[in-house]
Structure formats: C-alpha cells, structure tokens
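Trainee: One letter stands for each residue in the lines below.
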Amino acid sequence: MDVLYAAKPRAKHGYQHPDQNIFGVLLGRKSDNNVNVTRAIPLYHGRVFLNLYIEMGLTMVEEHAKSQDEQIVGSYFLSESGAAAIPSTVSPFCEVIKTQFPQAITLTLDSEKSYSSSSSHLVMRGYQHDKSTKEIPQNQISYKGEAPVTSMIERAETADFLDHMEDTNKPWLL
Amino acid sequence: MTKLWGSDDFNSVRESLKQLRQGRGRDAQNTVTYGSQLLAKHSSRIEPTERVSHLIDSTEQMPVWEIYEQVFVAALDTHDEKTIEELLLQIITKHGQQSKRVRTLMGMRKEQQEKYAEAEEIYQKILQEDPVNGIAIRRAIGDTQNYIRLLNEYLRIYMGANEAWLELSEAYAEQQMWKSAITCYEENILANPQNHHVYSRYAELCYALGSYDYYKLARKNFAYSYELFPSTRALYGIIQSSTALASTKQGKGDKENESIFEWAVSQLTEVYQKTQPNMAKIVQSFALKE
Chain F
1 MDVLYAAKPR AKHGYQHPDQ NIFGVLLGRK SDNNVNVTRA IPLYHGRVFL
51 NLYIEMGLTM VEEHAKSQDE QIVGSYFLSE SGAAAIPSTV SPFCEVIKTQ
101 FPQAITLTLD SEKSYSSSSS HLVMRGYQHD KSTKEIPQNQ ISYKGEAPVT
151 SMIERAETAD FLDHMEDTNK PWLL
Chain U
175 MTKLWGSDDF NSVRESLKQL RQGRGRDAQN TVTYGSQLLA KHSSRIEPTE
225 RVSHLIDSTE QMPVWEIYEQ VFVAALDTHD EKTIEELLLQ IITKHGQQSK
275 RVRTLMGMRK EQQEKYAEAE EIYQKILQED PVNGIAIRRA IGDTQNYIRL
325 LNEYLRIYMG ANEAWLELSE AYAEQQMWKS AITCYEENIL ANPQNHHVYS
375 RYAELCYALG SYDYYKLARK NFAYSYELFP STRALYGIIQ SSTALASTKQ
425 GKGDKENESI FEWAVSQLTE VYQKTQPNMA KIVQSFALKE
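One line per chain: the protein sequences are F and U, in this order. Take 1 as the starting number for the first sequence in the numbering used here and just add one per residue. Take 175 as the starting number for the second sequence in the numbering used here and just add one per residue.
Next up, chain F with everything else stripped away, as it sits in the complex:
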C-alpha cells in the first residue's frame, strides 16, 4: 500500500494541542492497489474521547468528501502520552471507517523515534482493523511528500472540528 500522505495538518494539529489526545481522518482515493491520501482533516482534541463530536464530524466530512469525489480512507491518532498504540476509546471510530473503506488504516505517532536526535521526520505507525487491530509492516506504507519535522511544526492555527464549533470563522473542512 502506498500512502501519499498529507503530513502537515497532522503535525500542526498535534502541536496545537500538545497536552491532549487528538484524532482526525484521512481523505483520499483508491487507485488500483494504491490508496492515495490527499488530505488530513483534524477532528477532535481532548483528554476524554467523546463520541458525540467525532460522530458528527465524521458525518460532515463524509458529506464533503462525496462532493469532492473522495472518501474517508483512514484516520490518525496522536496520544497525549506519546504512546503509539490505539486505545480502546478510539478503535470503534476506526472500525466504523473501515466498514465504509475496508483498506482503511489508522496512523499513530511513534514519538520516541520521531523526536530522537537522529530523526528528521515524523515516524508513524500504521494499523489495520480486522478482527483485531494489527500493525502494518513499515515497508508496506510509503510516505511521499513528507517535510522535515522542524519545518512542519509551525505556530500556525490549525482548527479542528471542536475549534471550529467555538468559532465558525475558523476554517475547518473547506
């Protein structure tokens, strides 16, 4: 699986809420055996995962994706603790996405490797959800167009669905 990956919004989303768990979705298109990820849409930040806003956000993103001839092809999750595993509070949303797109993956940040002195890129781990959550071997995912970590972490606003609800002038989905 080749995943052309839109890294920047994820990195900014994580930087915007460093003390909280964050969750977002990946939009893209399937092309033969490839999944081309075109965008990352930040959805949620918080200590506690509240399904109300994630459900609503997923519905809104789906509607928008259809109009762009795209679909939700995966999700990303960054934990407040830096742990790379997907917690049980997040798995149900990943599975819902998978029912619409069987090849959907969830990306999480391997913070230990990403922020080691020898790393210049964010290191992600990918998971697929079948009967259980399984890690995808690194050599099955390629990330194209990744910029170095230092240039991705900019102090620019990246509004997720929650931020957008507080102030609808903040651009989110479009």
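Since the hints were made in silico from the structure, they are not lab data. Computed from a predicted model, the values in this text were never measured in an experiment. Glycine residues also receive a C-beta, built at the ideal position from the N, C-alpha and C atoms. Incorrect hints may have been included.
Some chain U residues close to chain F (C-beta under 10 Å, calculated; not the full set) [what the hints assert, rightly or not]:
no., residue
1, 384
2, 406
3, 410
4, 413
Given chain F's structure and the hints, the job is docking chain U onto it.
Mentor: Coordinates of chain U only, in the frame set by chain F:
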C-alpha cells in the same frame, strides 16, 4: 457569558481565563498570549490575595496568583520557554520554594523538560509530607485508581469543593465510567447554574451513555445551554442528540424530536450563511440525509 477571547481588554481576558478554568478547557496558546499580556500590564488590578486554593474552586474573580499558575501551565503546554522561566521566577520569588503548590509547578516544569526522574522525586516528597494535599500528584504520576479513591475521600469531608467534583468527573470519564462522571458533574451544575459550558459538558457525558433516556437528557441540556448562550457547539449537540434519538426504537417517528432537529439545522444554517456559506450547504445536505 462572553465569547472566549472576544477582545483583549482586561475584563474580557480575565473572564475568558475564568471560563476556561470552570469549563475545564486548556486553549494553551491563547491563554499564554492573552494571559501574559494581562499579567504584564494589569496584575495590580487583579485581586492580590495570596491564598492559593488547591481543590476549592473559586467562582469569584481569580486571585492573581491563580492566573500566574494557569498561564504557567499553558506555557508548559506550548513550550514557551521565555514565559515559563519568567513566570516560575515570579512565583518562586513571591511564594518561595517550600510551598507544596510551587513545588508541584516545579515538578511539572521538570516533566516538560523530560527530566522525569527529577519530577518523580519532587512529587514523591510532596506525597510523603502531605498525602491528602498530594491528591493531584497522584494524577500527575498516573496513579488514577488512588487518585479517584483519594478524591472521593476528600469530597466526603469537603462536599462543596467544586473543583474536586470536576476533577473526579474527568477522572471517571477517562476511565469511561460515564454514570459516575455524570453524577459528579451534577455537583458542578449546582455550583454554576448559569454557566452554559457546564450544561454542554453535562450533555456530552450523557450522550456517551448511548440510550434513549440519556440522548433525551443530552438534547435537553444542550437546549438549555443554547438558551443561556447561543453557541454553535450547543446547536451541533442538539442536532446530533436528535439524530441519535431518532435512531432509537422509542424515538423513531417522534414529531417533536423531528421539529427540534429541523429548528436546530435552520439555526446552524443561518450562522453559516453569515460566516462560511459553503459550510451551510454541507449542513443542509447532512440534514437531508438524516
């Protein structure tokens, strides 16, 4: 109830900081930006009491040193080194390094610098000296079970400690013990009956339980939150709760629920017509689908 960070004047910023504290929000970047300015220019106008509360919530104007603490914690989140150093120096200069509250902040600074062993040492010393007042430390070191237990013990004695009820609600919610989280949060409603954030948060917790009765309770509390302060968040909450209600056996075909849903969609569409018209189209297509 004002919009967060509506303007950068003294009253608006102070009110925004207070709302974040009561509504359990972090909004680290804005807290640092506006809070630092407030402290730099107007600290003498804020109530200068030296009392630092631990788990007793103050619904009065925040004492100045609680604002220092709030901005300091936000600066840790954003890794704003200059602000961290300045505020910590001012806090230590005023209160010394022996205060447990100050040492907790020093421990948080060590964590932010990833000096975890040094942070743990600070926290363990505080716990040994004063196990009851070290309740918050339990959370910092990830001892959630004892954190919940100690909070419950504390609240048996200090039943009016609103911030402790809030903390306990959050701790239960993190463990997905939604009914316990809701029960604790009801104390927060009693203490802040005019705060729209509180009703929205309560509604969010109710929704998480996922049954006809709790969806209805969620919709009701989002509606009351909207009545107190017409927020987009409350509108989205009404829409989603109504949608969830309609998906249940008892709620299917409920005309009242349908009309509430349509009203909320029309209100939200109106908001977007003024701010982002393209979003209005997405809301309408979502409504047609439901």
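Trainee: Can we keep the residue 406 of chain U interface hint, with Cβ of chain F closer than 10 Å?
Mentor: holds (5 Å)
Trainee: Interface hint check: residue 413 of chain U, Cβ to nearest Cβ on chain F, cutoff 10 Å. Holds or violated?
Mentor: holds (7 Å)
Trainee: May I ask you to test the interface hint for residue 410 of chain U with respect to chain F, counting a Cβ-Cβ separation under 10 Å as satisfied?
Mentor: Nearest chain F Cβ about 6 Å off; hint holds.
Trainee: Holds or violated: is the Cβ of residue 384 of chain U closer than 10 Å to a Cβ in chain F?
Mentor: holds (8 Å)
Hint compliance for this structure: every hint is met.
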